[in-house]
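Student: Now for the letters of each chain:
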Amino acid sequence: MNSLTEMKRRPTDWQGAAMQKRIARRYAAERRFKAIGMGAIILSAGFLAFLLIVMVGNGFRGFTQTELPLEIDFPAATGGVSSSQFEGPDANSNLQSMGLREIVDSSIDLQYGEAGNDLFSPGGWTTVNAMILADPKIVEQKATIYLPVVSEIDVAYKDVGNPEAEKRVSEFSGQFSTGFNWNFLSNSDATDPMQVGIWGAFKGSLITMIVTLLLAFPVGVFAALYLEEYAPKNRLTDLIEVSINNLAAVPSIIFGLLGLAVFLNFFGMPRSGALVGGLTLALMTMPVIVISGRNAVKAVPPSIREAALGIGASPLQVVFHHVLPLALPGILTGTIIGMARALGETAPLLMIGMRAFIATPPSGITDPATVLPVQIFLWSDEVDRGFVEKTSAAIIVLLLFLLTMNALAIYLRNRFETRW
Amino acid sequence: MTSTTLLFLVAGLGLVAWFFGRLKAAGLQKNGKSARSVLHSLPSYHGWYVALWAIVPATIFMLLWSFISPALITDAALTSPAAAQLPEGGFARAAILSEARAIAYGNQVNAFNPLSQAMVNPYRDAISYYQMIGVVSALLMVFAFGAYAWLKIKPDLRARTKIERVTMLVLLLASLIAIVTTVGIFLSLVFESARFFSMVSPIDFLFGTEWNPKAVAGPRGETGFGAIPLFWGTVFIGAIIAMIVAIPLGLMSAIYLTQYAPAKFRAWMKPILEVLAGVPTVVYGYFAALTVAPALRDFAVSIGITSASSESALAAGVVMGIMIIPFVSSMADDSIAAVPSAMRDGSLAMGATQSETIKKVLIPAALPGVVGGVLLAVSRAIGETMIVVMAAGLAANMTANPFSSVTTVTTQIVQLLTGDQEFDSPKTLAAFALGLVLFIVTLLLNLIALRVVKKYREAYE
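Chains A and B, in that order, are what the protein sequence lines are. Okay, so the first sequence: first residue is 39 according to our numbering, each after it adds one. Okay, so the second sequence: first residue is 461 according to our numbering, each after it adds one.
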């Protein structure tokens, strides 16, 4: 009590040494706290930058391939065939019957000796095949064609490989050239890392996404309209809302278990197909569309509805002629974000068997297919070091697609969002 | 004719029906002069009325037919003379029939069993017979119902009301899909888990400490399904290591962005953090396995922990934490923004520095919201699959050493369900039991978190 009265009597001495010290300490704590916050931000963004740098650093090499020149004397090897054979629909089978593969192999023997076949990628002749189909005139002359080398030498040339491959690289140094790996964009999965491509997985992703969109978008939009515009306040509506909020938080792998138990085992749908994958992802994406759709519908001001009702529109005409068109940009933004999430999803698709080795691109919704993220997962499991850069390259492609989709969503939001 | 072409055909006929219905209604409208012949609905509603009558009954019939006809086809095929040679009952008979069916439908080229080859033709006959019945009846239904609706078009037909009633039904059905999915998830998990628990005791599963499904021997008396090491691994990676990374970084990022950062910095930084949330988990997993895990092992070896595993819990946990940062940060952002500004202003007016205000006023006030957000983040982390599948190990260890390898529930689900296994074996069914546990735990975490956040919101409203 005594000290309190004392304090009342004497005002705080702000200029005193003790107080100055105290304030300095408090300000130092302030600066420290601010620096910690800044550090947290920088660290988080740094992780992202590091991840991207690692992926791009590894991945850009996946788009190139190391090549060696091969001289093929077509007239001598084939006994002089005319280029007209390789035009038109029979071209491919004529090439097969000519024995192109053997011609390429013997040309390699001729130029690089017996050990030459260890130099070139075993699938290299398909490059020659494609070149002849594009320009049949080649078969009437001597041609120098750059063919991809085997994976070990490719790795050794680009980076550090095993000692044996390194020795061969130094043996042929100066002859190597680096070309763009078109195969990577046009081929499907293969056992040889020099021949793998993402086209099959990309097509699988595309088909799966179409199935997902066709199912999830109408159902999501209809459910959002019903819940926001018509649903009476009762038990059933509460149950629907709880289900949707729960589904949005259920781990994705649980949807995979659902797909396995219900779609594959109960309904007997074809395993590994884009149909089941699309269905499973649609169930996952639907709640995202419903939630964003409801927010978009909620944002349309009531005056619009009242005006439409006032001039005699029925409740359904109000929604389908006025509310839905106005809410559509918001719904589309949510849909794109949901689809981007579905495009990157891996775990549920592993459950329903979309992890098979698919060497031919799917042509329908029931064909065995794989998708980009699953392909990334499969390649990451490969022992061959040649797959490391291919995996990263596939990741770059996937990230590019996701970035494009997100950018599109942001653009849509900024371009069409109406502030009422 | 395949069912897809039939579906397209029916849809095309529906379009034709729409056109005719509209045409008739428009004609009525044009001719109608007296008040009694003014149309109740716009002509296009009459078009829809006819089209729906044409399509819907036929489509329902086709769906039912696709369920009924296989049984009818099998019955018809069995009455053929070739069926007399089939073995009586049992597995062999079913195998022959299913092979013949596969060939007849064109899913398979050659038969292994000559008896199935003999059954192919009866099957083909039966299929084409019943398919023709299906197609003809479907088309008849399209025409009959379409014509019925077309004849009913009159000026006072309340076409719009009827169409709107159907549309409302469709909207309601779309919303019910959410309930159906939830129930489907729950039932399929419970059903398969029940089969698992009929082979393995739930007590052994939930409280056993030995997880080794590969060593499981006989159909009865299975051991090696003790899931405690998996639960520990999941909690260790998802709820401990990941949160040690994510909570401080996410919280401090949110505080800096909302309280200190200039508007321009915030406008740039927020989307960048959101990109972290949009990176697919398989990319994080690859990053963890390729870059983080070897680096951490080398680090551990260099400080003298020679037993460090290259599939350490730390690598998976740290990368998972990074993935969760934006999630924690946005939850914290929301709850700090929900604190009334009067509290903040009051504290600043009393002479507290900004950091003192944040530490002593804002965070305590926002704590329930932050805790709710962290619970949601934990629920997301323990359900996360790809990072742990790619970066954590398969060894079910009960250890608190972050440099050793542990395994998680989701890793084991993937492990148990990939590869060709009998669907009835306890190994496969164990995955569903694990899935059920995961589902219930994440559901509870979400419910608690949402309730905490809601209570806290109400407190300030």
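I should point out that these hints are in silico values taken from the structure, not numbers from a laboratory. Note that the structure is predicted; figures quoted are calculated from it, not measured. Even glycine gets a Cβ: it sits at the ideal position worked out from N, Cα and C. Warning: the hint list may mix true and false statements.
To be verified - Some chain A residues near chain B, calculated using beta-carbon distances under 8 Å:
1) I278
2) L295
3) S418
Student: Does each hint hold? Answer for all of them.
Tutor: So, going through the hints one by one against the coordinates:
no., hint, in the structure
1, I278, "holds (5 Å)"
2, L295, "holds (5 Å)"
3, S418, "holds (5 Å)"
The earlier numbered hints are all upheld by this structure, with none contradicted.
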